[in-house]
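Enquirer: Now for the letters of each chain:
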Amino acid sequence: MTGRERTVQQLDPLAALMSRPTGYLAAVAVPGYAAFMSWQNRGQIENTLLAVVAVLLVLAAGIALCVDTSPLRAPVSSRTLVVVVSVSMGALLLSSLSMWSTDAYIRDDWGTAVIGMYIVALAPYRPAKELATAGVLGAIFAALIAVVQAESFVTAVPPVAFVVVAVTPVLAMSLAAAAFTDVLVRSLDRWRVRARRAFTAMTDGSGESIARSVQQDSVTVLNQEVVPYFSTLLDGATVTAISRQRAREIAETVRSAMVADVDRTWLETVVAQASRRYQHGSEAVSGVVRDEGRLAEQMSTDERTAVRALIVALHAHESFDARTASIDIDSRGAYCDVVMRARMDATDGTLRGDLAPFIAVARVMFSDLQLEHEHPYLTLRFSYEQR
Amino acid sequence: MSLGLPGHLAPHSESRAFARASHVIALVCLVGAALLVATVQQSRPGAILWPALVALVPIFIVLWMVERYRSWFFSITYVIVGAASLYWFVLAGTSQFVGEAATDSFVFTLPKVALIFVGGAGLGVWRMIGWSSAGLVAGEIATLLAALQTGAQIAPDLTAFAVYAISAILLSLLGLSRNRLKRAQPSLQRAARDEHLSDIRHRIEVRAAAMLHDTILNHLAAVANAPDGELGDELRSRIERDLQILVGEEWLVDADDSETAEGRAGWYASRLFRALDEARELGLEVVLSGDRTAVTRLDPARQVAVALAVKQCLVNVLKHADTNVAEVVIYGSGDEVSIMIIDGGKGFSERETSVDRLGLRQSVRKRIESVDGSVQVWSTPGTGTSILIRLPAKGPAVRERAL
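Protein sequences, first through last, are from chains A and B. Per the working numbering, the very first residue in the first sequence carries number 1; after that it's consecutive. Per the working numbering, the very first residue in the second sequence carries number 388; after that it's consecutive.
Just so you know, not all the hints are guaranteed correct.
Said to hold, decoys possible - Not everything, but these chain B residues come out facing chain A in the computed CB check (under 10 Å):
1) A406
2) I412
3) V427
4) R431
5) G433
6) I556
7) L561
8) Q576
9) D586
10) L604
11) V610
12) L633
13) G670
14) T767
Claimed, not checked - Within a straight-line C-alpha distance of at most 25 Å, the following computed DMTMM-like cross-link-like pairs (lysine to aspartate or glutamate) qualify:
15) K706(B) <-> D601(B)
16) K706(B) <-> E621(B)
17) K706(B) <-> D68(A)
18) K129(A) <-> D68(A)
19) K129(A) <-> E454(B)
20) K706(B) <-> E252(A)
21) K706(B) <-> E723(B)
22) K733(B) <-> D709(B)
23) K733(B) <-> D601(B)
24) K129(A) <-> D182(A)
25) K781(B) <-> E208(A)
26) K781(B) <-> E723(B)
I should point out that these hints are in silico values taken from the structure, not numbers from a laboratory. Where is the CB? At the ideal position from N, CA and C, for every residue including glycine.
Work out the full structure: start from the sequences and follow the hints.
Expert: Shown next as structure tokens:
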């Protein structure tokens, strides 16, 4: 589990995907709010250009947030938080400068609320500590501006009061975002411990039945040739040139069956299972996986789970054409490149919508995953480090 | 491995997270309100503002309680006591600034917002929105009543309404998008389970393949090289014994069994001791050195695996190395046991050996890797072969990888 940050997005990609609409909302509503409040306060604005640029900066931060939180670009890095918060801080500064000596009421200023709202919108994507730190830095910045600008405000209270008014929105929202993330991440941690215990119990419970089934398979193979052959010998038959030749032949058969078994990777098994399950009627598809170096074996368990879920989802999709499917794995230094390709007749929008949860999960494991849909062919590319 | 919370747990965690976030917002707002009152008091010593500060105490207390025990009782208490606190707060504040104070002043907005973020009992976003609505209405009524009493200006508090509206829209969006994604969660959980089961199956298959290789293929090879006539007694008894085990017994189910030999303990009871003995019976001279008791620090499954793997290495020496002497060295360090098998035979290049790649790969490498160990092979044609098997010894966290 190393390499995963303690963010909701990385521990529960679906929960983060669920909050995707809040990203859109933030990108529309926050700049809208800034523009509306600027219009309301238009009588206090001395420098219109600065005021306009400030609102445009808020819009730019909103667009950056919306683009970066797309499930196709997951996971969101700390860079996004830094960019969104610092651009919003820039907007706060410009907005204050645009009415530097004419700003009557600090409570009507939108700057700190914008920082807070953007931090809330980023809550599912970054760790609690980062969210809280960003909020505190935003609050300090807002406090400094409030202190310097204090003379322009008409309310007759000490500058400390302006500081309180300025920092309360950003602190309330960012600390709430941090608390939200913290609770969710902790409950994910607790769930992981429980799931692990359940898996261990499952290992103990199903290990025995799997062992019996594997043993049954082996016994079936042995009963075909090996057991009858040895039985004849044990019953007193003598070793001759013919029986020696027969021993070599049987050994070769058993050996080649074992080599084939050993050479089959988990990925081939998954593809075969999925194709059997969903492509009723059509013949079994073989040769889908081209993996000369058996590189699929180098994937970690988490990576395998994500790929398995994706393959099953693709097969379950009504427009998936198993006969055109291919998975190629090639090594590139310490990395392995995977290209999955298949014909899928659905429209681009439908496909992206239907596959979004699985792509979101896969993106957490393979940060370079790319999806191309050049109708009717869907291509997925990603790479992973060899273990 | 787990990817996210399963469907039945997610609403609980989310409601808890929303409640905690709500309570943080409420706390920050109440602290903000208290600080504002304190600074105004400082700048206007003539005003009597301490009753306003005292008015905030009950709401702080009920906030702590609803955070601590998120029950229906404390959620309702929070709304009622909070509204009463707010009423007293607005009353105490506006009465000091008659003609000046308005109900939408920022200092009054803050506790109103605190009242909106009840973070009450129950699951789901719709219930959260319900609690916020109750908080908003109670707060507005309390403010209105206080203002009517002191004659303060009554103005609609746009900020409080906006905060309520934004939080309600946000929560509804989350509630709606949840339904869309519900169906994907079971597929992911199933993938995680299948992956786990396939891993278990794979490990068992490796054990089965190694076992078949050690027994059936070795016996077939022995028959293929046997002279004319009946089978030798020793080969016959081995074949009989192995067939009986492979076909008749549950040889895969109980591989963890340590099979302690009667009346013997430690090294002499170990599977490795027996494996070396069997190799000697086949005609190999085995020189043993190092700390042989270290083997007993391996858990039973690893003891079996290492014994079978070493046996296969020794059989390989006899079959392919053109020598009948091999050295086995056992080392034990803190959390690891290493066993080295060295021969001075003709050596090989692992890449070129197709004939017995199955033996080295299946019976040695895969078998050891399936119990979390590692195998290194050094061999060049003409200079002999060294095989190093390393296994984690008994201690904590040895099962981690299997999970």
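Enquirer: Sort out whether D182(A) lies within 25 Å of K129(A), counting only the CA atoms.
Expert: Cα-Cα ~9 Å, so holds.
Enquirer: Under 10 Å, Cβ to Cβ, is where I412(B) needs to be relative to chain A, so tell me if that hint holds or is violated.
Expert: holds (5 Å)
Enquirer: Do the alpha carbons of K129(A) and E454(B) lie within 25 Å of each other, as the hint requires?
Expert: Holds: K129(A) and E454(B) sit about 21 Å apart, inside 25 Å.
Enquirer: Please verify whether K733(B) and D709(B) have alpha carbons no more than 25 Å apart.
Expert: Status holds; Cα separation ~6 Å.
Enquirer: Once the shortest beta carbon distance from L633(B) to chain A is found, is it less than 10 Å?
Expert: holds (6 Å)
Enquirer: Could you grab the alpha-carbon distance between K781(B) and E208(A) and see if it respects the 25 Å cut-off?
Expert: This hinted pair holds, its Cα atoms lying about 23 Å apart.
Enquirer: May I ask you to test the interface hint for L561(B) with respect to chain A, counting a Cβ-Cβ separation under 10 Å as satisfied?
Expert: holds (6 Å)
Enquirer: Quick check on the hint: L604(B) CB to chain A CB, less than 10 Å?
Expert: At about 6 Å, which falls below the 10 Å cut-off, the nearest Cβ of chain A leaves the hint on L604(B) intact, so it holds.
Enquirer: Given the hint that K706(B) pairs with E252(A), does the C-alpha gap stay at or below 25 Å?
Expert: holds (17 Å)
Enquirer: Let me know if the C-beta of T767(B) comes in closer than 10 Å to any C-beta of chain A, holds or violated.
Expert: violated (23 Å)
Enquirer: Is K706(B) within 25 Å of E621(B), Cα to Cα?
Expert: holds (18 Å)
Enquirer: Just to be careful: measuring from the Cβ of Q576(B) to every Cβ in chain A, is the smallest value less than 10 Å?
Expert: holds (9 Å)
In summary, the numbered hints that this structure violates are 5, 13, 14, 17, 21.
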